[in-house]
Amino acid sequence: MKHKIKYFFLILVLSVSTFDIIAQRFPAPEFEGDYKIPQTQISKVQPVFFEYLDIAVFLATLSVITWVIIKKRSRKAVFWISVFSLLYFGFYRNGCICPVGSLQNVSMALFHPEYTIPVTAIIFFIAPLGFTLFFGRTFCAGVCPLGAIQDIIALRPVSLKPWIRYVFGLIPFIYLGLAVLYAATGTDFIICRYDPFVEFFRHSGSSLIFGIGGILLVTGIFVARPYCRFFCPYGVLLNLVSRVSRRHLSIANGKCVNCRLCESACPFDAIDKPTGLESKKDNRGLVKKMMIYGLITPVLILVTGWSVSRFHGELAHVNFKVRLAEEMMTIDKNINNATLPDEIKAFQSSGSVVENLYREAASIVYRFYVGSWILGGFIGLVFGLTLARLTIFRYRDEYLTNKGNCYSCVRCVPYCPIK
Amino acid sequence: MKEKTKFNRRDFINTGLRIGIGAGLGLIGVGLSTRSVNGKTTWQIDPAKCIQCGKCTTECVLQTSAVKCVHVTDMCGYCDLCSGYLKQGSKELNTAAENRLCPTNAIVRTFVEEPYFEYKIVEELCIACGKCVKNCGAFGNGSLQLQIQQQLCLNCNQCSIARNCPSQAITRVDTDSPYSLKGFKDLKIGG
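Heads up: the sequence lines are chains A and B, in that order.
Residue 179 in the numbering used here is what sits at position 26 of the first sequence, and the numbering runs on without skipping anything.
Residue 358 in the numbering used here is what sits at position 128 of the second sequence, and the numbering runs on without skipping anything.
Bound-form chain A, shown alone:
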């Protein structure tokens, strides 16, 4: 009997609640004429087929350019492939999704089990790294639309001093660390937000980013590929992976005669010159320096880790929930409701419990605290290793492409007399 009453009430409650949803203030009219209610205007989603087409075109372009670079060694072909990538992935597909941004999808998916990552993002993240592992940075050469737009306009490249390259070369590591931190905490995708060229592809966007993109493009005429070299966070991964690549574009295929013709061919300063026998003398001092830097590095990691973790509050402030919780704590209870910010009004009308919000925000801030320690430590490690790398001496008797920094653009090959 008791159960029956229970069920009765349950049914009553359910029927009342469904009634609530359907109930309308003004019931739909019953027309006397032959008027028919028109269909609601909503547009279809672009079929999933196009996503798979993107993946197919992406993998095909990557394979073709790799073959062209490693086997054909033709600069012309690389140029036209990069024009194609710029038009297709850039202007036609609006530059989204690109492998540079996909690293955020991957780090978000790794830390948030509830986030469903699209297959496209996984493949766009892994395929270029896989190709780089075997053939060098062929992806950068002409498949990446961001790289292609800069490569095409690099008309009057100048050579940069090594210390500029080393110092500014640290920025991508910091950018990568920040991007992973923000994606892993589910806060924001900063790479996509500050993507300088995607607004050119879309023909619309904020004027600030347009400005940054414009400055980068103008700079790019003289300093080749400024975004790739001094900002691109995905380039960091490609650079590291490329160093152990199985094969790589080489200038003379091991038959270098030191004719010096290729010396200034590279717009990215990625050709390593022969060292000469003399420079091998001071080896002992270098080993000593290296040991000192090796000892300094752990200290550096702790110092930078500690100092970045001081700013975890500021870093966490970008997160919406953290900001909302802070606003909720500081609002004046007596203040007129109409003047409250929209997000507080929305939160109050949603009927959520404020304590839950505080708890959630606190856990996000804690994640930022841990994350900022790791980010700081990572930056310290990069600083330390960059210093230590300066002391590594590697004897070379020929002109070689620097496997890490080389974008495999094949500009140097036509200069080489050995075919």
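Among the clues, some could well be false.
Said to hold, decoys possible - What follows is a set of in silico ranges between Cβ atoms, one per label pair, in the way DEER data are often shown:
#	chain 1	residue 1	chain 2	residue 2	range
1	A	N406	B	E353	44 to 54 Å
2	A	D187	B	V260	28 to 38 Å
3	A	V507	B	L323	23 to 33 Å
4	A	S503	B	P333	52 to 62 Å
5	A	E267	B	N324	51 to 61 Å
6	B	A253	A	L212	34 to 44 Å
To be verified - Among the chain B residues that face chain A by a calculated CB cut under 10 Å, a handful are:
#	residue
7	L247
8	T271
9	T272
10	M305
11	Y308
12	K317
13	K321
14	L323
15	A327
16	N365
17	P408
As the list claims (entries may be wrong) - Listed below are the simulated EDC-like cross-link pairs for lysine to aspartate or glutamate, each with C-alpha atoms no more than 16 Å apart in a straight line:
#	chain 1	residue 1	chain 2	residue 2
18	A	K197	B	D406
19	B	K364	A	D495
20	A	K197	B	D304
No lab work stands behind these hints: they were computed from the structure.
Quantities reported herein were computed from a predicted structural model and do not represent experimental measurements.
Each residue gets a CB set at the ideal place from its N, CA and C atoms; glycine is no exception.
Go by the hints and put chain B onto chain A.
Coordinates of chain B only, in the frame set by chain A:
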């Protein structure tokens, strides 16, 4: 030729690292693909959370927002005194321009039969300010709702409106049900 096939220490380390990185990439790929979705997801507004703040007008990366007012015709009361069409407290309830709520005149009304009127959204003119949506929700049936029109949406990796939405009403949804219109049962996807 023999010189080349010699296996030195650096080659050994490189091969080791290469296998390691390759295995890592494979693990990430396999691990993530087990809980990935086929194809893609799309952005959509939950009308139950939307507070019609008007940020959709300004925050979309497109010059004219991909968010549009959608008229759920099944829910419409076909009222003469439509609160989404006319300004509140108009002195004379005619349909002249000064009485209309929509700033871009994107709602067109046509007479059906006494006393019913049909309302239609001209999508090209709609700027997603949400004024009509707010009023229809407050005084009418709530048949006007803000939705992302999927044909217009560029499906950015991170939706710029979602980041700025004060009620966090924009989330990724499955492409099988790309619209989250509230209050009616079977939705036919029309053109």
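Cross-check of the supplied hints:
no., hint, in the structure
1, A/N406 x B/E353: 44 to 54 Å, "60 Å, violated"
2, A/D187 x B/V260: 28 to 38 Å, "59 Å, violated"
3, A/V507 x B/L323: 23 to 33 Å, "43 Å, violated"
4, A/S503 x B/P333: 52 to 62 Å, "28 Å, violated"
5, A/E267 x B/N324: 51 to 61 Å, "52 Å, holds"
6, B/A253 x A/L212: 34 to 44 Å, "21 Å, violated"
7, L247, "4 Å, holds"
8, T271, "6 Å, holds"
9, T272, "6 Å, holds"
10, M305, "6 Å, holds"
11, Y308, "5 Å, holds"
12, K317, "19 Å, violated"
13, K321, "23 Å, violated"
14, L323, "16 Å, violated"
15, A327, "24 Å, violated"
16, N365, "13 Å, violated"
17, P408, "5 Å, holds"
18, A/K197 x B/D406, "10 Å, holds"
19, B/K364 x A/D495, "14 Å, holds"
20, A/K197 x B/D304, "19 Å, violated"
Checked against the numbered hints listed earlier, the structure breaks hints 1, 2, 3, 4, 6, 12, 13, 14, 15, 16 and 20; every other hint is satisfied.
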